[in-house]
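Asks: The task is simple: from the sequences and hints, build the whole structure.
These are the residues of each chain, in order.
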Amino acid sequence: MDIAENLIAIWPKLLKYAQSLTRNRHTAEDLVMEVITKVLESKERLAHDTNIEAYAIRAVRNTFLNEEVKNKRVSSETNSDGDSLYDDTIDENSMKFTEEGDLERTLINLGSKCREILVLFGTGSSYRDIADLLELKMGTVMSRMARCRQSLSDQLEVI
Amino acid sequence: MTDEIIKSGLLVAYADDELDSEQRRVVESALESDENLVIELKKLKETGSILRSALETTHEKAPEHIAHKILQLDAATDTQKHPGSSPTFIEKILKLIYASIGIFKNPRYITLGGTFASGLLCAVLVSNITSLDFSSKDDNFVIVSSGVTRGGASEELSFILPSAVQEEAVIFDEGTLLEGKSFRLSWRSPIDGVITVFEVNNQIRKEVFTQTIQAGESLKMPQLVVTDQSYLQLQIEVSNTSTIITNNLRFKISPR
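Chains as they are written, first to last, in my numbering: chain S, 322 to 480; chain R, 1250 to 1505.
I should point out that these hints are in silico values taken from the structure, not numbers from a laboratory. Check each hint, because a few of them may be wrong.
Stated by the list, open to error - In silico DSS-like links for lysine-lysine, alpha-carbon gap of 25 Å or less:
(1) K1291(R) / K434(S)
(2) K1256(R) / K458(S)
(3) K359(S) / K1318(R)
(4) K1310(R) / K364(S)
(5) K337(S) / K1294(R)
(6) K434(S) / K1256(R)
(7) K1318(R) / K434(S)
(8) K364(S) / K1318(R)
(9) K337(S) / K1318(R)
(10) K458(S) / K1310(R)
(11) K1310(R) / K359(S)
(12) K1310(R) / K337(S)
(13) K1294(R) / K434(S)
Stated by the list, open to error - Just some of the chain S residues that point at chain R, by a computed CB distance under 7 Å:
(14) W332
(15) I357
(16) K359
(17) L361
(18) L439
(19) G443
(20) Y448
(21) A452
(22) A467
C-beta atoms are modelled at their ideal positions from N, C-alpha and C, and glycine is treated no differently.
Replies: Below, the structure is given as structure tokens:
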């Protein structure tokens, strides 16, 4: 499968991940297309065995974070776990993109750190993939997953 | 022990089948003697299942227009990197409308000195623009992307490229073309070199034509038709070892 076909195949996953970051579908679509354009422009520099999915997901994340830094919306305060103390909670505008379903609203309520890791897991990434993408140690991924899944469970009232 | 297994993430990793054999043995040993751990495991499997079933994308596909866009981008990056492609590779439309309109708008682009030369050029240009050549059917009918096709009886427009370097950010609005009506463009370059025409869309340019050209030669393009878009923007580059001339043009596409 060539790179373009690969990108077409993973577009749904890239979009879901981008939405977990932007909380807005239109912004997410733009973000994904921007990244796809960059990947295609640099395709000749990629090694033939490059994991395009991992490469693209990482590019989505980095592009989003760079924009956030530019917009000065990223807080530098973190707790001992490395999580931002400014856990962006839901606001009325961000609710608009959630078309339906408790899960989507709950993911928004959980904040960006949990949302990101849970969406990556839900779209099929392994813990190792998540650790590599988010540049975390495996132990951090596991403990964060535990915390976030507990919060998810509480909010969804899973019995 | 229970708290440690839960907080460290060992239990959730077990639920998600992410542990190695050693770690699995530790958790399974704890599960044998702790009912609460069994209950927590069940919850974690439940949330894992909810996440996977709600978010998995294995059976999803990119919408057709997205797939098409990605393939277009891919083709564009190929043509940008390999500009020596044969003209038959081109799947886009070209438009060059210069000279008379360009010259009158931008007197500094008149490179031929003297009233006589300028007048002669204008006369050639005007006569070409006003003559409609409804030539017979085109050969090599090719379906192109961006809703443009080649073929059919055509209106012929000839233009003269300005010789001064244009600021890249400047885009000249060069009039209107009718949607669905084929046209043929030809141009004259002030310099010897290679002429390359790009279609510009959302700041991405895709090469649509390239050929060597001699100064003063009238080079005719394949017939083209624009469909399914309201504007067409082109960037035209003429280059040789010492000079690069770039111009940007935009046409409004009017429905018939």
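Asks: Of the numbered hints stated earlier in the document, which are not met by this structure?
Replies: Hint check: 7, 10, 16 and 21 fail, others pass.
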